[in-house]
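A.B. asks: Sequence:
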Amino acid sequence: MMCLSDKNVRFRRNKVSLSRDFHIARVTDARRKGISIRTIAISNYKGGVGKTTTAVNLASIYASQGKRVLLIDLDPQASATDFFGLYERAAAEDRTSIELLYGGRPVSELAYETDTDGLSVIPSTIELVDQNELLLREQRLKFALDDASEDYDVCLIDCSPVMKRLAFNAYLAAADNGLVVIPVKLDSTVMRGTALTVEATKSIAEALRMPTPKYRILRTCVPGRMTNAESTGAQVLDNFFPQSQFETVIHASSKVCEGSWQWKPVTAFEPGSRPALDYAALAEEISHELA
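Heads up: the sequence shown begins at 1 in this note's numbering, then just goes up one per residue.
Do not take every clue at face value.
Calculated lysine-lysine pairs in the DSS-like style (CA-CA distance at most 27 Å, straight line) [stated by the list, open to error]:
| # | residue 1 | residue 2 |
| --- | --- | --- |
| 1 | Lys214 | Lys255 |
| 2 | Lys214 | Lys67 |
| 3 | Lys185 | Lys164 |
| 4 | Lys202 | Lys214 |
| 5 | Lys255 | Lys164 |
| 6 | Lys264 | Lys185 |
| 7 | Lys185 | Lys202 |
| 8 | Lys264 | Lys67 |
| 9 | Lys164 | Lys202 |
| 10 | Lys202 | Lys255 |
| 11 | Lys67 | Lys255 |
Note that these hints are calculated values from the structure, not bench results.
Based on the provided sequences and hints, a complete structural model is requested.
C.D. replies: The structure is reproduced here in C-alpha cells:
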C-alpha cells in the first residue's frame with residue numbers, strides 16, 4: 001500500500017497561478033456568444049464498472065459526428081491516457097491534468113491531438129495520486145473549461161473512483177448544462193458506489209450553492225441472459241432510482257476487451273457488435289438529454 005507523507009507530495013508550487021481561476025472577461029464573452037461546452041463526467045466511487053470504456057467510446061463517437069471533443073483523464077491509474085499511448089510523453093513534457101488543476105495552465109497548452117480527427121486528450125499520470133487535494137479549488141476545472149468554450153463542443157471526464165475532490169471538480173464542471181454518467185454493474189455492490197456518487201453530486205452543489213448536476217445511471221456489462229443475481233441488482237436500481245436510469249444498457253461482450261488490446265474503442269474495432277451499437281445509442285440518448 002502506498003503511504004503518502006508531506007515529503008512526497010509533489011505539488012508544483014512555483015507553477016501556481018490563482019489569477020488563472022478568474023478569467024472573468026473571457027468567460028463572460030463566451031457566455032454572451034452562447035458558446036458552451038457540454039461536459040459529461042463519467043464517475044462511480046466503485047471501480048471496475050466501465051468508466052474508461054464508456055468515456056473513450058463516447059469520445060470516439062462524438063468526434064466521428066464532427067464534434068470537437070476533449071477527453072480529460074482525472075484518474076491516476078491513467079487508463080484513458082494509456083489507451084491513446086500518451087503516458088510517457090505527457091509525463092516527460094509535464095502536460096497532464098496535474099498542471100491543469102494544480103498548476104493553473106490552460107487547456108490549450110495541455111491537450112494532445114489524437115489519431116481520431118476532432119478528439120483531443122489531456123492525460124493523467126500516477127503522480128496525480130500524490131497531489132495534496134486540500135490545495136485543489138473545487139471550481140478549478142469549471143473555470144478552465146469556461147476558458148476553452150470556443151475550442152470544444154463536448155468534454156468527457158474520466159473520473160477516479162477514489163479521489164473525492166477530483167470528482168467534485170468534474171461534478172461542478174457538469175453542473176450548468178452537462179451530465180454525470182454513473183456506470184454500474186448489476187452485482188451485489190450495485191448500490192455502494194452508486195449511492196455515494198449520487199450523494200456527492202448533491203452535497204458539493206449544496207455546499208457551494210450551485211445547481212445540482214443532472215445524473216443518469218448506466219447499466220454496463222449486462223449479459224444476454226440475466227442471472228438471479230443480476231436480476232436482483234436491476235430490481236434494486238429500479239426501486240431506488242426509477243427515473244434516473246438510461247434506457248440504453250451496455251451489453252457484455254469479448255469484443256470490448258479484444259479492442260482494448262489493439263487500443264481501439266469497440267465502436268471502431270467491431271462497429272457492428274452489440275456493445276458498439278449500445279454505445280451509439282447511448283451517445284444519442286445523452287445528446288437528447290442535453291439538447
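A.B. asks: For every hint, state whether the structure bears it out.
C.D. replies: Checked hints:
no., hint, result
1, Lys214 with Lys255, "violated (31 Å)"
2, Lys214 with Lys67, "holds (22 Å)"
3, Lys185 with Lys164, "holds (21 Å)"
4, Lys202 with Lys214, "holds (10 Å)"
5, Lys255 with Lys164, "violated (32 Å)"
6, Lys264 with Lys185, "holds (22 Å)"
7, Lys185 with Lys202, "holds (22 Å)"
8, Lys264 with Lys67, "holds (19 Å)"
9, Lys164 with Lys202, "holds (13 Å)"
10, Lys202 with Lys255, "violated (36 Å)"
11, Lys67 with Lys255, "holds (26 Å)"
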